[in-house]
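Residue numbers (numbering that gives the first Met the number 0), protein chains in the order written: chain A, 0 to 691; chain B, 0 to 245.
Heads up, a few of these hints could be off.
[Claimed, not checked] Within a straight-line C-alpha distance of at most 20 Å, the following computed SDA-like cross-link-like pairs (lysine to any residue) qualify:
| hint | chain 1 | residue 1 | chain 2 | residue 2 |
| --- | --- | --- | --- | --- |
| 1 | B | Lys-9 | A | Ser-214 |
| 2 | B | Lys-79 | A | Ala-47 |
| 3 | A | Lys-259 | B | Val-226 |
| 4 | B | Lys-9 | A | Tyr-188 |
| 5 | A | Lys-60 | B | Ile-74 |
| 6 | A | Lys-60 | B | Glu-229 |
| 7 | A | Lys-49 | B | Glu-141 |
| 8 | B | Lys-38 | A | Arg-43 |
| 9 | B | Lys-148 | A | Leu-62 |
| 10 | B | Lys-38 | A | Glu-447 |
| 11 | A | Lys-60 | B | Glu-141 |
| 12 | A | Lys-49 | B | Val-226 |
| 13 | B | Lys-9 | A | Thr-211 |
| 14 | A | Lys-259 | B | Ile-74 |
| 15 | B | Lys-9 | A | Gly-219 |
| 16 | B | Lys-38 | A | Gly-219 |
| 17 | B | Lys-38 | A | Thr-40 |
| 18 | B | Lys-78 | A | His-45 |
| 19 | B | Lys-38 | A | Ser-44 |
| 20 | B | Lys-9 | A | Glu-39 |
Worth flagging that the hints you see were computed from the coordinates, not collected in a lab.
Residue-level listing of the chains:
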Amino acid sequence: MSNPHPRLADGLQHRILLLMAFLVIFSFAGISGLTWSDDETSLRSHVAVKIDTATILLRQKILIHERQGHPDEALRELFRQTLIQVPEFAYLAVMNESQKLLIEAGVRPPGLADLTPRTNNQIAGNQDIRFIKIDTDTKGRKLFVLVGVERDTLRLRPLDHLPVLLTGLFGMIGVGYMILNSLLESCFYAPFRSILGLMGRINAGDFRVQLTPASGTLFGTLTEALNSFVTRVNGHFTVMSLLASDLEADSNPDNQQSRKRLGAHMAQLLNRFHFADGGQIPALIIGSATHTRLPLFLLAFAETLTYAFLPNYVAGFHSLETGYDIEVFMALPITAFFGASTLASALSEYWISRSTLKSVLMMGGGLCFAGYAGTALSTTYESLIIFRVVSGWGIGTVIASCQAHVTRFSAEENFSENQNAFFQPLLSGGVIGVSFGGLLANNIGFSEIFTIAAITALLTTVLTAITVDNFPNSRPSSSSNKVLEALPSLFTNFRFVLFASLAVLPSRIFLGGFLFFLIPVYLFEFDLGFMGIGWVLAAVLLVIFIMTPPMARLADKFGLTVLSIFAGLVITGAITISVIQWQNTLTVIAIAIAVGIGHALILAPSLAALPKLCASELSATTPVSILTVYRSVEGIGITLGPLAAAVLAKQVGYAQTIFYLGCASLVLAVLFGTTFAILRLRPDAAESGPLS
Amino acid sequence: MNDGDISTSKQARILTLGMGGILAASIFLGAYLNYHAFKSVLFDLTRTRLQIVATDLQARSTNIFPHTPEFQNLIDQIKKSDPQIRSIEIFDISEYGATDQHPSSHAQTTPGTDNTMVVEVPLTPNSDQIAAIALNYSLATERLQLARKRNHLLIISLSGFALLTALSGFGIRWILRPARDLSRRMTHDFSSLLEDKRTIEQNTPPRWQEETDYLGFRENVRAILNVLEEAEDYGLTDPTSSGERA
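Isolated chain B, as found in the complex (with noise of 0.2 Å):
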């Protein structure tokens, strides 16, 4: 007999698995909600601090062209005070080709880590040649603390899924009491009543709709096994009589 189990119950166990499945995707969502958001905030800082720089840098080139030593110069200054920045590089792209390599292709010099980022400035003074200047910046930072959030998410993650499972599996257990009670009253009840007819005296009013209903369903029954009782002493159950009657 299951009924006083709730434990080792068909139900428990899969309402437990359905809940330990909707809270594990519960769990990766907002974990990975989480890793986003930081993500996003950590390379938004870091590329508006940069667009910042290029920004100036630009602002600049309007005085100093690139082609000068003054340009080198701050070049030079803006690397000295951001480590982050790998390299800065001008490229003539009036026409594709004036130069080795199109800044675009210096974007991947070191995949996984550097990102660039382009502004455009006059080559020269009173001409429409225009240099693209590439700000090569190095994202390693911010991928080794990507790492250690991953991390981080992943042991909270885990022992959250342990500690909610076990609020979840044991939350299952005392909310189908009622139902194991409730169960386990009719299964007595119902089965005294098989036995010997006798009803088990309840001393507390039926507290559910189902129990009121099992109640009316329990007095049918006893007519029924009185009329089984009134068949069975005429012998009319009984199968070996039947032969002998005839």
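Just chain A, with the same shape it has in the complex (with noise of 0.2 Å):
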């Protein structure tokens, strides 16, 4: 049955993220608000000696051009040429005495017949008209030079940076609103939630545990409280228990009876509620897939900071280094970060289930730390590709251990809905990070970028100390490498092979190749610029972001995967090689916009599909082995993307590589569609299994 009544937890969420969203907002558009009128008043003057400049130099050239009788095109061109080179100059024009316009150019004023030359400076409409003389022409002829100025040109100036300020506000509010969720979720909604689930408990007669202490929250008297009930419960239990062992061992035929009613008392007492066994009572944990959100999405942010420039960033590298074409050459970190990424994932499962989340969050945050700092310390193309491992080693690290983390959750309760717990911070941190990055690229060195994510990483090291409880990670210790053994069974599975084969490993050569390699080298070339580059990756990540949990909701109810995985293969690949035809930024910001929508297609379905595809696997091995294995494949494929299209572009250029990688996508989905829907192999086919 439905509360009618709101949950308070929710309510406090909403509130202190508005309130958050509120001073970020303040603070910028009153720091821009406060500086707005002096910016104008200082840069009032240097507008105005340009403008002067400008008009002295435009004056003595059509001096020098009316002298030597030059014809009034000439004159017409120099006008269209120097409205390009002041963009200040909003209209030039020539008049005779008799106010006739001879020649102009750009944006006539309405109400300029109405002005004369009495006086040299004027309005019309919205701009400022100077009136020059020229007193002199071959022809004999008086003539005055018109020069108009946009009056809001200067005050509307602040606005060129709009975007930019806009991208630096929603990135604030982005990350301020991960962290604030996340010291909410440790310092509020875990206690709290512990003391409804020891409320939860106590109702159904569990007496077993007790709550942490919380002095000084807003909960520690309550704590307080509800840990003296249990611990009077188990005091008097403790106290009948001695009761009834003393009675027992008493052999007085007198008290036979007491025996026996203590005796069907404490079994009726026993089998309604479980006590402590005595000592200590332990505290009760309560875990929560939300742990890692923090820790992976700043992880996220720091890493993708750099991937608006980090083709170009080690494209400065190559001048010193001799043996590599330049494209390999830029791929190569790329390709090292992401390889380091996928081995660390699949071997740190063994290790991982011996430690406690907080410890290898902390490990995997100060790798990071290490690996960023490194890089934007390298000086050499070797050390740089050593730190990139690094930096992916700790990234891998994470992400296998909150994968694991999360899934020991989801296990429980919906597999789907809480690998979001996992995708949502890491995506989220994708599309802040990244647009971030581009932001600050075009501002400050790529080397103080990498500094940024270091700091980044740190924090996550420093907050993760902070807010994440030290509970065991997936598995008893007992187990052993599960991914290894769950290997043999996998690839014997037919279906899995094909669906690998088919969809999840060339997809991820595709998204990897033009995510982290053709975007930005290529967009590079159309002159956009690192902030246009990264929201251009941002805008592919938002794609994915918004797209995949509906999708992958739709394609597990209807039983759409085939569909679902095709649809996505044909988009991104009927899209992508419209690059043939059209070479121009809008067609890749177009194709970009295709291969986030086709990947949300092909992402959602396939890990919806993996728990029916692997029913008979998860018998022998566990979820997060599988999970593991899958991840591995996707890994491989996200690792060879930016090398294999990094070859291909040396051969055959950038946008015929595109174009080859769109027909490729077209080719798997014929395959894929024949191999899946014509022979009627379902990969949704099989029975649910325990990460269903």
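Hey, can you piece these two chains together into the complex? The hints should help.
Structure, rendered in structure tokens:
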């Protein structure tokens, strides 16, 4: 039955986040507003000097032009060039004594016909018009040059930077949202959930746990009262047990009746209630998939800060090196990073199962810090690759640990829903990080952005130490390496192999090559700027972020796995091949969005189909192991993607590479559709396993 | 007991600290982006202005060549018209070494305050020889304005941070009030229940789902307390009674 009352926790979250958003917007708007008028005053004199200089030089040119008797068309061309060179000029014209316009260029302001050249500076419409007298020409005419300057030019100049400010603002709100959410989780929701959890246990007659003391918090006294109640009940039970034991030992026939009565009473009690074994009552720990949100978000943010410019940053080392083609040279550090990350994810399972989530996250954060700091300080290509490997290993460890943690709690509830606790922070961190990174790359140096990434990784480690509970990781330490055990059975599963080789692996090769290599390099050629590249990358991730959950639900509900993956491959391929016809920024942006939509269609049902695809393997191994193998296949694809794209780009160029990738996607769509639809091999046909 | 005092509660302190950190980062970023926007517009205005001058000089050099006295007059005229131009130097760059120094080395003549713009012009008529005109200009005024802008932003940022942190502190305390009130009501009620099995009469219906959950829990506790009381009446929970009974 639904409860008519709202949850206090929800209300709190909304209000705190609204407060944060309001204060962040207020701080940005306040700083911009308070400095706007000062900026205008400071810049006004510079603009005036520039306009004066340009006007004087223009006058001299016109004078020379007239003296040398050039045709009017040459003067018109001079005006056109001047308007391009001096964007502050909106209108240029030459007028004779009888106020007839001889030549003009630019936007003529309304009301110009009413002006007379009596005074030098006048206003027409939204322009300041200067009349500059030229006394002589070869024909003995007296001429006036009219220079029109938009009155709002200076006032609206700061608006040029509005996209930068908005990117910073939204990025800041996103980062603030995740940090506050995690702080709320650790200092409010977790203790409150524990209180409600203990009440639920007491309702069920379970007195075996109590709460961790929470003195100094809003729930300190309530926690104390609940603990004292649990202690009292356990104390009474202990006394009763002692009494029962004493009576049991007493052979006096007079107590026979009491012994019987107490025995029945004790049996009834033990049937209805559960008590602590004696001694210290353990503390209740309620795990949650949300613990991993902040570290995942911050590390995704730190890592993606560099994606808009990484290939171009690496290219800066090329002049010092020989032996590599520039394309492969740029792609190698990206491949090294994803390779290390994939390897770490696959190999760290054994170690992860023997340590706490907190320690693994802190170690991963520490490795990332070392990797980013090292990259910032790198002076050679080799050291750059080594530090990218270190960062990749850190990220891989964290991702594997978080995946295991989320899956541990997903098994009890809803698998697909809880996987969002894993994907959402990763993708939202990516969206914000990549757009933020592009913004910063336009304003500060590349090495400085790696320093910011290192600071973020350090912050992740510190916040993990503060906010994440120290409870054990996914499985007891007795488990052997289940990933290795799962491999033979998975790779003899015909449907899994076909699914991995026709959908998962190639789509990730495409995604890796396109997202991490081709977009930053190819768009850079169109002079889009790093912020523009960052936005395009963010748009791809945003589309995946927004579309994946509903697509997963739809595919799951209607059994549309094959159709969804087929549609994803077709959309990706069909739009991508258009690059051969139109090679411009808009086409690349359209392709990027199509890749986002296509991959949302592929990613979502792939994961949802996994439990059904591997139902028989799940009986022999664990969900985490199967997910690890699946992620490894994805990782191999993303690792190979940039390198494959670079090798192809070396041979045929960037546009052709994108075209060939599109063609490959269409061919795969046909192969996949044929295999799974015509041969009636449905990836989602099996019964649900423990993952579902 | 802390339940009545939000100000000293751990939750309020942690959230205020977190909010303070976010606001500090936000104000720093806002200030930095504003500073950078101003700096880029300022330098852009100067650069494009001098670009106009240099391009004009370049255009005129097709008629007046660098070795001629007319050219020197032109340079003098330009220098006089713009106080920001410190010097205009001409170099033969047909073959490096024809002049004493390559213009790029002159770009660093006064590090930090000067900048150089270079345009190429033909050295003499009908020849392949090229001269570079290096226009050295001062950025001292711009840098002074930037320093003023930095100070202005610093003052705004610090006062803004103080104001917004205080606002966030009040806001967080106001937002946490329902949680404090709920905790207080539950604690008060539960303590009374434990002491004399009485509960506090509620004049208002439960407002939150958590409160509704608590009401169900309270009834169970009352039942458990009844059992305990019964056991106490029998002397089953008194540790000293076990020996006597035995």
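Consistency of the hints with the structure:
The suggested pairing of Lys-9(B) with Ser-214(A) holds, with an alpha-carbon distance near 9 Å, which does not exceed 20 Å. Pair hint Lys-79(B) plus Ala-47(A) holds up; C-alpha atoms about 18 Å apart against a cutoff of 20 Å. A threshold of 20 Å between alpha carbons decides the hint, and for Lys-259(A) with Val-226(B) the separation of about 19 Å falls inside it, so the pair holds. At most 20 Å may separate the alpha-carbon atoms for a hinted pair to count; Lys-9(B) and Tyr-188(A) meet this at roughly 13 Å.
A hinted pair counts as satisfied when its Cα atoms are at most 20 Å apart, and Lys-60(A) with Ile-74(B) qualifies at roughly 16 Å. The straight-line distance between the Cα atoms of Lys-60(A) and Glu-229(B) is roughly 110 Å, outside the 20 Å bound, and the hint therefore fails. Restraint check for Lys-49(A) and Glu-141(B): the C-alpha separation of about 14 Å stays at or below 20 Å, so the hint holds. Annotation: proposed proximity of Lys-38(B) to Arg-43(A) holds, straight-line Cα distance about 14 Å (limit 20 Å).
For the suggested pair Lys-148(B) and Leu-62(A), the alpha carbons sit about 41 Å apart, so the restraint of at most 20 Å is broken. Taking the CA atoms of Lys-38(B) and Glu-447(A), the gap is about 19 Å. The hint holds against a cut of 20 Å. With a CA separation close to 29 Å, the supplied pair Lys-60(A) and Glu-141(B) exceeds the 20 Å bound. Straight-line distance between C-alpha atoms of Lys-49(A) and Val-226(B) comes to about 92 Å, which puts the hinted pair past the 20 Å bound.
For the hint pairing Lys-9(B) with Thr-211(A), the CA-to-CA distance comes to about 15 Å; that is within 20 Å, so the pair holds. Between Lys-259(A) and Ile-74(B) the CA atoms are separated by roughly 119 Å; this puts the pair beyond 20 Å, and the hint is violated. Taken as a hint, the Lys-9(B) and Gly-219(A) pair is honoured in the structure, with Cα atoms around 10 Å apart against an allowance of 20 Å. Under the criterion of a C-alpha separation no larger than 20 Å, the hint pairing Lys-38(B) with Gly-219(A) is inconsistent with the structure, at around 52 Å.
Straight-line distance between C-alpha atoms of Lys-38(B) and Thr-40(A) comes to about 14 Å, which keeps the hinted pair within the 20 Å bound. A hinted pair counts as satisfied when its Cα atoms are at most 20 Å apart, and Lys-78(B) with His-45(A) qualifies at roughly 17 Å. Among the hinted pairs, Lys-38(B) with Ser-44(A) is consistent with the structure: their alpha-carbon atoms are about 15 Å apart, no more than 20 Å. Our distance criterion of 20 Å between C-alpha atoms is broken by Lys-9(B) and Glu-39(A), whose separation comes to about 46 Å.
Violated hints, in rising order: 6, 9, 11, 12, 14, 16, 20; the structure is consistent with all others.
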